[in-house]
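With the hints as extra help, turn the sequences into a complete structure.
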Amino acid sequence: MKVDLDTGVGILIQEKAIHHVLNVVKEHKDESVWQKSFWILEKLLGKGEDNSISEISQDRFLGATLINVMHHGHGDIRLMAENT
Numbered sequence: 001m002k003v004d005l006d007t008g009v010g011i012l013i014q015e016k017a018i019h020h021v022l023n024v025v026k027e028h029k030d031e032s033v034w035q036k037s038f039w040i041l042e043k044l045l046g047k048g049e050d051n052s053i054s055e056i057s058q059d060r061f062l063g064a065t066l067i068n069v070m071h072h073g074h075g076d077i078r079l080m081a082e083n084t
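Start counting the sequence shown at 1; every next residue gets the next number (UniProt numbering).
Since the hints were derived computationally from the structure, they do not count as laboratory data.
Note that the Cβ used here is the ideal one computed from N, Cα and C, for glycine as well.
Heads up, a few of these hints could be off.
Here are the simulated distance ranges between beta carbons [what the hints assert, rightly or not]:
id, residue 1, residue 2, range
1, Val33, His71, 29 to 37 Å
2, Thr7, Arg60, 14 to 22 Å
3, Ile11, Ser54, 15 to 23 Å
4, Arg60, Trp39, 28 to 36 Å
5, Lys2, Gly46, 32 to 40 Å
6, Asp4, Ala64, 31 to 39 Å
7, Leu5, His71, 14 to 22 Å
8, Gly75, Asp50, 29 to 37 Å
9, Lys2, Ser57, 16 to 24 Å
10, Gln14, His72, 13 to 21 Å
11, His74, Asp50, 14 to 22 Å
Rendered as structure tokens:
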């Protein structure tokens, strides 16, 4: 089964999933959870609307978390933080 990424991202944006993903990053300290969250945020940034991009970029906690992961994270999660 193949997933249509554009349609999926559109549905996530429509349902305001960004807010929920940002809350997951704030509430969980597990790198595997962050990795999945960063992947979703990367897709939302790449395909999202201006409102989505603005909401993500204005989240102060996310910025601090990304910087922390870039300095202290390991392997793939560090690369994902850099890409986000």
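Each hint, compared with the structure:
| no. | hint | result |
| --- | --- | --- |
| 1 | Val33 with His71: 29 to 37 Å | violated (19 Å) |
| 2 | Thr7 with Arg60: 14 to 22 Å | violated (31 Å) |
| 3 | Ile11 with Ser54: 15 to 23 Å | holds (19 Å) |
| 4 | Arg60 with Trp39: 28 to 36 Å | violated (21 Å) |
| 5 | Lys2 with Gly46: 32 to 40 Å | violated (19 Å) |
| 6 | Asp4 with Ala64: 31 to 39 Å | holds (34 Å) |
| 7 | Leu5 with His71: 14 to 22 Å | violated (30 Å) |
| 8 | Gly75 with Asp50: 29 to 37 Å | holds (32 Å) |
| 9 | Lys2 with Ser57: 16 to 24 Å | violated (31 Å) |
| 10 | Gln14 with His72: 13 to 21 Å | violated (35 Å) |
| 11 | His74 with Asp50: 14 to 22 Å | violated (33 Å) |
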